[in-house]
Amino acid sequence: KQEVTQIPAALSVPEGENLVLNCSFTDSAIYNLQWFRQDPGKGLTSLLLIQSSQREQTSGRLNASLDKSSGRSTLYIAASQPGDSATYLCAVGTSGSRLTFGEGTQLTVNP
Amino acid sequence: DAGVIQSPRHEVTEMGQEVTLRCKPISGHDYLFWYRQTMMRGLELLIYFNNNVPIDDSGMPEDRFSAKMPNASFSTLKIQPSEPRDSAVYFCASSFGTGLSGELFFGEGSRLTVL
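Just so you know, the protein sequences line up as chains Y and C, in that order. Each residue of the first sequence is one higher than the one before, counting from -10 in the working numbering. Each residue of the second sequence is one higher than the one before, counting from -17 in the working numbering.
Accuracy of the hints is not assured; some may be wrong.
To be verified - Each pair of labels, with its calculated beta carbon distance range:
{"#": "1", "chain 1": "C", "residue 1": "ASN53", "chain 2": "Y", "residue 2": "LYS(-10)", "range": "28 to 38 angstroms"}
{"#": "2", "chain 1": "C", "residue 1": "SER69", "chain 2": "Y", "residue 2": "GLU4", "range": "28 to 38 angstroms"}
{"#": "3", "chain 1": "C", "residue 1": "GLU(-4)", "chain 2": "Y", "residue 2": "GLN70", "range": "15 to 25 angstroms"}
{"#": "4", "chain 1": "Y", "residue 1": "GLY49", "chain 2": "C", "residue 2": "GLN(-1)", "range": "26 to 36 angstroms"}
{"#": "5", "chain 1": "C", "residue 1": "ALA(-16)", "chain 2": "Y", "residue 2": "ASP28", "range": "12 to 22 angstroms"}
{"#": "6", "chain 1": "Y", "residue 1": "LYS(-10)", "chain 2": "C", "residue 2": "ARG93", "range": "25 to 35 angstroms"}
{"#": "7", "chain 1": "C", "residue 1": "GLU85", "chain 2": "Y", "residue 2": "PRO29", "range": "37 to 47 angstroms"}
{"#": "8", "chain 1": "Y", "residue 1": "GLN70", "chain 2": "C", "residue 2": "GLN(-1)", "range": "41 to 51 angstroms"}
{"#": "9", "chain 1": "Y", "residue 1": "GLY5", "chain 2": "C", "residue 2": "SER55", "range": "36 to 46 angstroms"}
{"#": "10", "chain 1": "C", "residue 1": "PRO63", "chain 2": "Y", "residue 2": "GLU45", "range": "42 to 52 angstroms"}
Calculated directly from the structure, the hints in this document are not laboratory data. Backbone N, C-alpha and C define an ideal beta-carbon position, used for all residues, glycine too.
Modelling step: build the complete structure from the supplied sequences, incorporating the hints.
Quick look at the structure:
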């Protein structure tokens, strides 16, 4: 059974700092990995999707990497802003269209 | 595109009552997923459909839960009878394709409170 772990559970940083969120998974037989953002009381917004054959994806200030062999992914956020405050979840896609979610990292960026 | 649309956004009901949650996926998407989110258990997949056909309902907690997708633009998740432990946020999500291409798009969720 796939298990996804995100560290840290919570993170508080000053505005402008570069930061890294971590995601690890136990079964390397994955199709893809997605990073989502969730604001309080809202649904999940897809940030980046990395296919299993890819090593990284970039969108604006966000960069996500994937290392299947070690079962790890990182989400790098450059020059963080207060508007980046949210919960970030990673989800691993395995057979049967099933996504397994981590518990999330709650990020607070202080002005 | 309007995105995935869910209704109601909030539902408060009493134990034993029937609850019906509704979802309209993004037009053209062929996969539809129902998830439940709680503080204790995080996000759990309940059931998903491909081309309106239920593929995997192993996450449906009990027989009190049922889901239908009568056509490509509408799905329902029904709980009958509801219990306080069903209180959660229920999300509907849709995607086009699977595996190599299935970016998932979520609705805003339906927050259910069972008293």
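Inset, instruction - List in ascending order the numbers of the hints, as given earlier, that are violated by the structure. - result: 3, 4, 7
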